[in-house]
Amino acid sequence: MLSFPFVRTDDELMAAYLAGETAAFDELFRRYALPLLRALRRRLNAEDANDILQQTFLQLHRCRFDYLPGAGIRPWIYTIAFNLQRRQARRGHFEDAFIEEEAATSAGASWPADGAAIQSVRSAVAQLPREQRRVIALHWFEGLPFEQVATTVGASLSAVKVRAHRGYVALRKIFERDDADA
Amino acid sequence: MPEAGPPPPGISPADELEKLLTGTHERIKADRGVLAWLRCRPTGQRFGMVLLALAGLMALTLARFQRPDFASYPAVRMALTFSVYLVALALSIRELVRPLYTRGRTELFIVLTGALPLLVAALPAAARLEDAPTIGHGHDCIPVGMLAGFVLMLIVRAFDRAPRVGTGPALLLGNTAGLFANLVLMLHCPIDRPAHLMLTHALLGVALAALFKVLEPARPSVS
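Sequences listed follow chains A and B, in order. Here the first sequence stands for residues 1 to 182, where the numbers follow our numbering. Here the second sequence stands for residues 1 to 223, where the numbers follow our numbering.
Everything labelled a hint here was simulated from the structure, so no lab data went into it. Glycine included, each C-beta is placed from N, C-alpha and C at the ideal position. Heads up, some of the hints might be wrong.
Sample of chain B residues at the chain A side, in silico, Cβ under 7 Å [what the hints assert, rightly or not]:
(1) T24
(2) I28
(3) A30
(4) R161
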């Protein structure tokens, strides 16, 4: 991921918010609200999605003194939204929808000219078991380091790496099988 | 599941996002008072404050409502059972007040907190040097246990950052309250016959979970 000197990092924004700068919170909201809302709306109705989104950022406000620099805001936000949805018994799990959305968007961004390749990647990833799919999508499509993936999925770092490795092996088999069929 | 669809004509996604941001600010602004302050404390502090409050309640029970055979009850057995309950209670409280940016082990703790009182109740009664004075005791176990459990639910709810509805969270909170009720009753009730423990003490968790389900709103938007 490219970084620009005039764009503040999540850590800097959280530090500024803790120091009382409300605009830093707004910047975090604008940075993460849209993809989260998009994912929520794929499985929830608009009212519930809006409610969970706002509650997620309210929770971010309540958790602000827990924040440790380097922990990463993005896994926090998605985990909070997932937990809120579970706690409040909203129907439909948005997590898979979020991953599918990100997979589609990221694949499209990487290979804009090759629709078949995008479809092939999406189809192959969709065939993986859920746990492997989540780890691969969060690591490759979301760009999260394995430490943050582990936090997000609630597993140990080694377990996450094993899942990713198994996923890669499975993906290779799927592509080889598809090549052989073609 | 209804589809959200595109925003209404004339409202761009950016406008909609700003509207949601304004709504979020309103929620944050409304999040004031003692409860809001408690819920914003770092997780370690919230956990510590809950444990401190519960320790105070147990100390009160021990000082004012102590079981009449406390001095003659086998100390090792009391210490072991009490320690196991205490560890399980601390772990489940930790789960109840865990921050929402972490993944929980709700199911595991439901089983742990539900099974422990049943296991303790199934143990044979302690061998004592003299008979426990049981006449006039044991009739108040259910109200005392329900009261202790209810107070735990209030304390945990005060420190919990988000509302919880649904069967799983209700069972976890109810079972944890039941565990605390069992701890208090261990200090209060001299009857340790398995039948009494099984039918009154151990089932308090289920009753407290049901009470929580009745009292908690179906789907609070925010609290």
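Results for each hint:
1. For T24/B, the interface hint holds, since its Cβ comes within 7 Å of a Cβ in chain A; the closest pair sits about 5 Å apart.
2. Checking I28/B against chain A by beta carbon gives a least distance of about 5 Å; that is within 7 Å, so the hint holds.
3. Hint on A30/B is violated. Least Cβ distance to chain A is approximately 9 Å, over the 7 Å limit.
4. Proximity of R161/B to chain A holds as hinted, the smallest CB-CB distance being about 5 Å (cut-off 7 Å).
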